[in-house]
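Q: So the protein sequences, as listed, match chains A and B.
Numbering-wise (this note's numbering), the first sequence opens with residue 1 and increments by one.
Numbering-wise (this note's numbering), the second sequence opens with residue 1001 and increments by one.
Misleading hints may appear alongside valid ones.
Just a sample of chain A residues kept apart from chain B, beta carbon distances all over 12 Å, derived [as the list claims (entries may be wrong)]: (1) S101; (2) K114; (3) L123; (4) E142; (5) D152; (6) I230; (7) S255; (8) D355; (9) T378; (10) T407; (11) D454; (12) R474; (13) S521.
With a cut-off of at most 27 Å between alpha-carbon atoms, the simulated DSSO-like pairs for lysine-lysine come out as follows [claimed, not checked]: (14) K1010(B) with K114(A); (15) K244(A) with K1236(B); (16) K1406(B) with K628(A); (17) K1010(B) with K258(A); (18) K1097(B) with K244(A); (19) K121(A) with K1302(B); (20) K1349(B) with K499(A); (21) K626(A) with K1097(B); (22) K467(A) with K1003(B); (23) K1236(B) with K37(A); (24) K1236(B) with K582(A); (25) K244(A) with K1010(B); (26) K1003(B) with K469(A); (27) K1569(B) with K258(A); (28) K1097(B) with K114(A); (29) K1003(B) with K626(A).
Just so you know, these hints were derived from the structure itself, not from any lab.
Remember, it's a predicted structure, so these values are computed and weren't measured experimentally.
Idealized CB from N, CA, C, for every residue including glycine.
Each chain, letter by letter, is given below.
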Amino acid sequence: MAPAMKHPGKGGPPKGQKPGNVKATFLRLLSYLGRSKAMLTVVFVFVAFSALAGVIGTSFIKTVTDEVLPSIIESGGKDLTPLVKTLVSLGFIYVFGVVSSYGYSRIMLQVAQKTLNIIRKDLFNHMQDLPIKFFDSHTHGELMSRYTSDADTLRECISQSFVQLSSSLISVVGTFVMMVWLSPVLALFVVIMLCLGFVAIKALGSRSAKYFREQQKCVGAVNGYIEEFIEGQRVVKVFCHEEKANADFSVINDSLRKAATNAHTYASVLMPVMGNISYITYAAVTMIGTLMLMMIPKTSFFAISAGSMLAFLTYTRHFFQPITQISQQFNTIIMALAGAERIFEIIDTPAEADDGYVTLVNARKNSDGTLTECEERTGVWAWKHPHGDGTITYTEWQGDVRFHNVTFSYNGKKDVLKNVSLYAMPGQKIAFVGSTGAGKTTITNLINRFYDVDEGKITYDGINIKKIKKAELRRSMAMVLQDTHLFTGTVRDNIAYGKLDATDEEIENAAKLANAHSFISRLPEGYDTMITGDGANLSQGQRQLLAIARAAVADPPVLILDEATSSIDTRTERLIEKGMDKLMEGRTVFVIAHRLSTVSNSDAIMVLEQGEIIERGTHDDLIEQKGKYYQLYTGQFELD
Amino acid sequence: MIKTLFRQTKGYRLASVLSPLLILIEVYMEVQLPFVMSELVDRGVSGGAGIDFVVREGAKMVLMALIALASGAAAARFAAKAGMGFGANVRASVFEKIQNFSFANIDRFSTPSLITRMTTDINTMQMAYTMIVRIVVRSPLMLCMAFSYAYKLNHTLSRIFIIAAPVLFSLLAVMAILALPRFRTLMKKVDGLNSSVQENLIGIRVIKAFVRAGHEKEKFRISNDELKDASIAAEKLLILSNPFMQMTVYGCIIAIFWFGGNLVVESSMTVYDLAAFITYVNQILMSLMMISMIFAMGVMSKESLNRVIEVMAEVPEISDKDADPSLTVDNGDIEMENVCFKYKKNGKKNVIDNINVHIKSGETIGIIGGTGSAKTTFVQMIPRLYDVTEGVVKVGGKPVSDYMLKNLRDSVAMVLQVNLLFSGTIEENLRWGNPDATQEQIETACKIAQAHDFVMSFPDGYRTNLGQGGVNLSGGQKQRLCIARALLKSPRVLILDDSTSAVDTATDAKIRDGLRKYHPDVTKIIVAQRISSVEHADRIIVLDDGKIDAIGSHNELLGTNKIYTEVYKSQQEGSVA
């Protein structure tokens, strides 16, 4: 609620921001707010009413002291009606002001929350459409901070800055007009003092910015150190590295302290400085005003009444407050713009392009072997392939996947796959073996188009996968990954993630197939047991079984198992082997495994080394070849 | 709790006291100004005092404001110093505290929660402390002083404040009390949204693979809307504070005009006093507003405070309390007598159940068992990463608790399952094992761990800079560096906890060969999934459900022990061509 509660690490203006960017970001932010144009207009009107009520209210000091009270005293002090009348009208003005204050706060709250809601929605929805490459090149922490700290500074700015700025501006102008009206001479003096105030703001502001940047750097260093060492705490313990860790930490912690002290000094000195410049002005105006009252004859143009001077004094106090606020608001706005820019940067990242036009449809097989598209599920699926000349062809969906001279690189420099060709006929099981970094996972990344090939092509049932709509392509294959990710929800929800409309029976059958049914039944609430924190309450092996069930329920013709059973001990693996065999039956399967026992019954095994297939064949072929595979395989049993 | 916090102000106590003292001066000056003003104008205009009086008094006022400015600015500086110093102290002591944590303590808090406590929570505390030093003193002070001057100015009129202040305060208090539970709900919704985004980021491959973006968008829409509604519900109350404040200020002004006006008419008060009173309205009610804000902030940062205090109050489960500093580990003899262990004191089932085993110095021991058979727990008792619940673990003939932790752990080197390297060069990481190691020692260790060759293949060799967590190395490379790091300690006992799982079998064999050749006297304990990693050990311990199922050599176990034979067979499947 209070701006002071902010994470100090997020303070300060951003580094090296180009002015053009700031302007563009600002305009864009305005366009979000612009969706509530009508509401904002009402807010502005209310803000003006509220600010002016305060300004006009103060002028009543003059009315009461100069006119009302003297007239009552003159008339003998009996009839207080003029005072009552004046105060009633003042009361009306004030009530009007209070109601307006509430009005703009309430409407602004709605506008701000709605705007933030839309920005968050745009951010998240766009993020869902970004390619995997984006997620691979940004850390989770980096992306999360868009939703937390960046969104937070934005919230503060949107909900406060507009109102504060317009209110302060109206107050300053209104107050100044009143001051000039009361006494041009004194007003001139106040302007001089104001310049002094500006000098202070500027001096403090530029230093504060410098120290905030320094603080920012130190916060980064300290947080990074904390993260690294707390994560590695067990290693620290094992190596008795505690003292060294403490010593190193105290060095960076101390530089943070120094930078933060400076940053906060300059930021918080502004308030007392501006506050007291207004008191200096108050003191000086008292003196000058009194001298004017004493020396300048009442008839002179420069003359001032006692009431005017008293009202003027109160205006003096009110004049500097909004100016301090405006200068503080600028900081908030600059910070928020930096946050907004980071958010927009994600929204502007091009979404995963999808120029595919081939779709997967239900089909009916005609007696002559041709296919006809139909609405209902028939169990037969076909690729619907529209051509440039308006004709449409249907190809039966079988699960034939081929690589034709595929070359690929993640960074454009080092080829991870070099001229790889392979084919997997419907129903075949193809295995990939090789050391870490040989390119095994890359192959699966290419099949479902998480990444696109640089050279060569991949075909699916004879169709270049670039022509197939990505959603349809991915829906037609299921993946079980090494790091199984489960979502918050019940066990049932997690299995049904493979097929959202799966019936309970389908879910149970899938679980049985993956040999997960028995442990699920033993869970306190069976299939309705809640999974939290990425399945922290399950063992790694159990999570992999669930991931297999999730793939099973999706029931696709192509299955990709990337180290899917690596965390299941070999005994359990044997237990689920039957289920796995059944799951793989009649499907094209790509298997990546560390354990050779998992892959030995494949139709073809590819041995990958540095992006190239160096050996291929069945288990028996490869053993006979006595090459790399033979070495790996025999190594497991005869080491010396 | 107060005592713990007070200790953290060390080194910044002077600043913590000076800041409020300077604020006292600032407030004293500011409060006097309207009073002096009224007298000055009154005596100058109606009292017939001379010009020099006005100039003198006016100069006095300017001087007072200047003093207020100087003390206010200095107070801000001291407050920043005190607050940031306090924050740094808290951060350092929590960090030190965590360094003293045993594995059990770390388990209890979990790593991410410790990180949040050390970053976000401490920052909140630091801001709160700075605020306390400045505003908590300032506002009540301002309130009292402004009131006493107002009273001095006019007893009767000051009664307005006696009525107005409690009215405003109770309005704000009621608002705060009503808003608080709504803010708690709001915090929960914020957490909910964040964790759902986090989950989404972690599982993005699954989401994309199953084409579930639409489903995820819908899930997000719900939590996003809930967050919006919760925000509005909470802030709807909070925004009342401004109109409440205005209402009271305006009410006071009208009351001052009315009652003050009457007094002026009766000639028992001057119009200048009346104007001074209006200045006091602002000073008094603004202070009240600040007090209520601080109150709300205090409540909100209390959660952070509790979470940090919790860490500070945690008692490290393992300490050097009963240790003899002169004792060193002389040999790698390990003995376990009736050892039982459970992670939670009130847990029902022992994770390690009554284990008795004697490992002779220099022996190579393999440990095998299914997932959850407590292999890791078993070996973690030896360097005293956890304390046994019952029984005794002896190393070198003496109970582990007799040694200083440093002496024990320097002699019992352990390579953990989760391998972590720190940012810095490869060499710096290796030196964790021995800060004074020579280049030759480093290279020897790396050669045994089969890391030398790949290290040399990097352009900068041992000077290669690793990113955080050693990100630019493969899993197998990391494991090998971790083994070398442990070897550099020249330990008496070396424990490899599934430390070669990402290393291919041939390299794995070479590492074991090197260990046998170069460190024959070191007791080697190898925890593994692969039979091939342990089959050449002197003895193999088969663990099942926290109990020793069998101990023996490969040949003794094969065929006689059911578990061992099954594991062996499952790994041999398909090997017979």
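Q: Run every hint past the structure and note whether it holds.
A: Against the structure, the hints:
1. S101: Non-interface label on S101(A) violated, nearest chain B Cβ at 5 Å vs cutoff 12 Å.
2. K114: violated (7 Å)
3. L123: violated (9 Å)
4. E142: About 10 Å separates E142(A) from the closest Cβ of chain B, which leaves it inside 12 Å; violated.
5. D152: D152(A) not clear of chain B: closest Cβ-Cβ about 9 Å, inside 12 Å.
6. I230: For I230(A), whose nearest Cβ neighbour in chain B is about 5 Å away, the distance does not exceed 12 Å, so it is violated.
7. S255: The claim breaks: S255(A) does not keep its Cβ more than 12 Å from every Cβ of chain B (closest is about 10 Å).
8. D355: Since the minimum Cβ distance to chain B is about 17 Å, D355(A) lies beyond 12 Å and the statement holds.
9. T378: At about 21 Å from chain B, T378(A) clears the 12 Å cut-off, so the statement holds.
10. T407: Per Cβ check, T407(A) is outside 12 Å of chain B; nearest 22 Å; holds.
11. D454: holds (20 Å)
12. R474: violated (5 Å)
13. S521: Holds: least Cβ distance 18 Å, greater than 12 Å.
14. K1010(B) with K114(A): violated (46 Å)
15. K244(A) with K1236(B): violated (51 Å)
16. K1406(B) with K628(A): violated (45 Å)
17. K1010(B) with K258(A): Satisfied, since the Cα-Cα distance of roughly 16 Å is no more than 27 Å.
18. K1097(B) with K244(A): holds (14 Å)
19. K121(A) with K1302(B): violated (32 Å)
20. K1349(B) with K499(A): violated (39 Å)
21. K626(A) with K1097(B): Violated - the C-alpha atoms of K1097(B) and K626(A) are around 57 Å apart, more than 27 Å.
22. K467(A) with K1003(B): violated (70 Å)
23. K1236(B) with K37(A): holds (21 Å)
24. K1236(B) with K582(A): violated (59 Å)
25. K244(A) with K1010(B): Distance ~22 Å between K244(A) and K1010(B) Cα, so the pair holds.
26. K1003(B) with K469(A): The given pair, whose Cα atoms are some 65 Å apart, is violated under the 27 Å limit.
27. K1569(B) with K258(A): violated (64 Å)
28. K1097(B) with K114(A): Judged against 27 Å, a Cα distance of about 44 Å means the pair is violated.
29. K1003(B) with K626(A): Violated, at about 73 Å.
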